[in-house]
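Peer 1: Sequence:
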Amino acid sequence: MSIRDWPEGERPREKLLALGSEALSDAELLAIFLRVGVTGRSAVDLARDLLSAFGGLRPLLEADRTRFCAERGLGEAKFVQLQATLELSRRHLASQLAREDALTSPTLVRAYLSSRLRHLGHEEFAALFLDSQHRVIRFESLFRGTLDSASVYPREVARRALELGAGAIIFAHNHPSGVAEPSDADRRITERLRQALALFEIRVLDHFVVGDGEVVSFAERGLL
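If you're matching positions, the sequence shown starts at 2 in the working numbering and goes up one per residue.
Hints are computed from structural coordinates only; laboratory data are not their basis. It is possible that part of the hints are untrue.
What the hints assert, rightly or not - For each label pair, taking beta carbons as the anchor points, the in silico distance ranges come out as:
| hint | residue 1 | residue 2 | range |
| --- | --- | --- | --- |
| 1 | T40 | G179 | 35 to 43 Å |
| 2 | R156 | D213 | 29 to 37 Å |
| 3 | E182 | E141 | 22 to 30 Å |
| 4 | G166 | A71 | 19 to 27 Å |
| 5 | S96 | V37 | 17 to 25 Å |
| 6 | L143 | E88 | 15 to 23 Å |
| 7 | D185 | C70 | 18 to 26 Å |
| 8 | R193 | L121 | 20 to 28 Å |
Keep in mind the model is a prediction, meaning the values are calculated, not measured. All C-beta atoms in this analysis are idealised placements derived from N, C-alpha and C, irrespective of residue type, glycine included.
Whenever a hint applies, use it, and build me the whole structure from the sequences.
Peer 2: Quick look at the structure:
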């Protein structure tokens, strides 16, 4: 049966308009994105098949081009559309954060950093450079690869902070293992950075470790 033949209250688009997007299931939201199904399968049926094939919504959204396009009902056009949608979401979070005091918006900071780092298959160390009122100047990825005390250079971080006129910094990095617990190396790196930046009166406000479903704050743990 085509979705057009369903009762109006059960059609994903009409349901979204009547009740809001939060009322829809993952399959219903994905069906709206897909727009059409395939022979013998409605868009909702196809969405359910895809969620099963990928093991959930997140693996589908984070799939690379080859994996994504290999599934029936998907392809390069849908992959491009999805990447554009995800980037719009990240930019929306960034625009929200730019209007806020980062120090008083921990939930928004967490969401933004998670959107930038959670999906990466490698470890990446990044920073939110802030002005003296803790408004975001810029987000930048600084170092990539396995992090240890030799792979993060405080001098380079300080140089970039001075170039941008930053008065404070929030650091973040991801753990591809999915476990967000800070390591001893994470603590050592943070302390080295804090000491180096203090020489230039640049405050390290926090360091977030991004995991699979959790984002751990050094400040909240009393590690700064």
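Peer 1: Each hint should be assessed against the structure and marked as holding or not.
Peer 2: Outcome of the hint check:
1. T40 <-> G179: 35 to 43 Å: With a Cβ separation near 38 Å, T40 and G179 satisfy 35 to 43 Å, so the hint holds.
2. R156 <-> D213: 29 to 37 Å: holds, 32 Å
3. E182 <-> E141: 22 to 30 Å: holds, 25 Å
4. G166 <-> A71: 19 to 27 Å: violated, 47 Å
5. S96 <-> V37: 17 to 25 Å: Cβ of S96 to Cβ of V37: about 32 Å, so the range 17 to 25 Å is violated.
6. L143 <-> E88: 15 to 23 Å: Holds: the Cβ-Cβ distance is about 21 Å, inside 15 to 23 Å.
7. D185 <-> C70: 18 to 26 Å: violated, 41 Å
8. R193 <-> L121: 20 to 28 Å: Holds: the Cβ-Cβ distance is about 23 Å, inside 20 to 28 Å.
The structure fails to meet hints 4, 5 and 7 from the earlier list, while all remaining hints are met.
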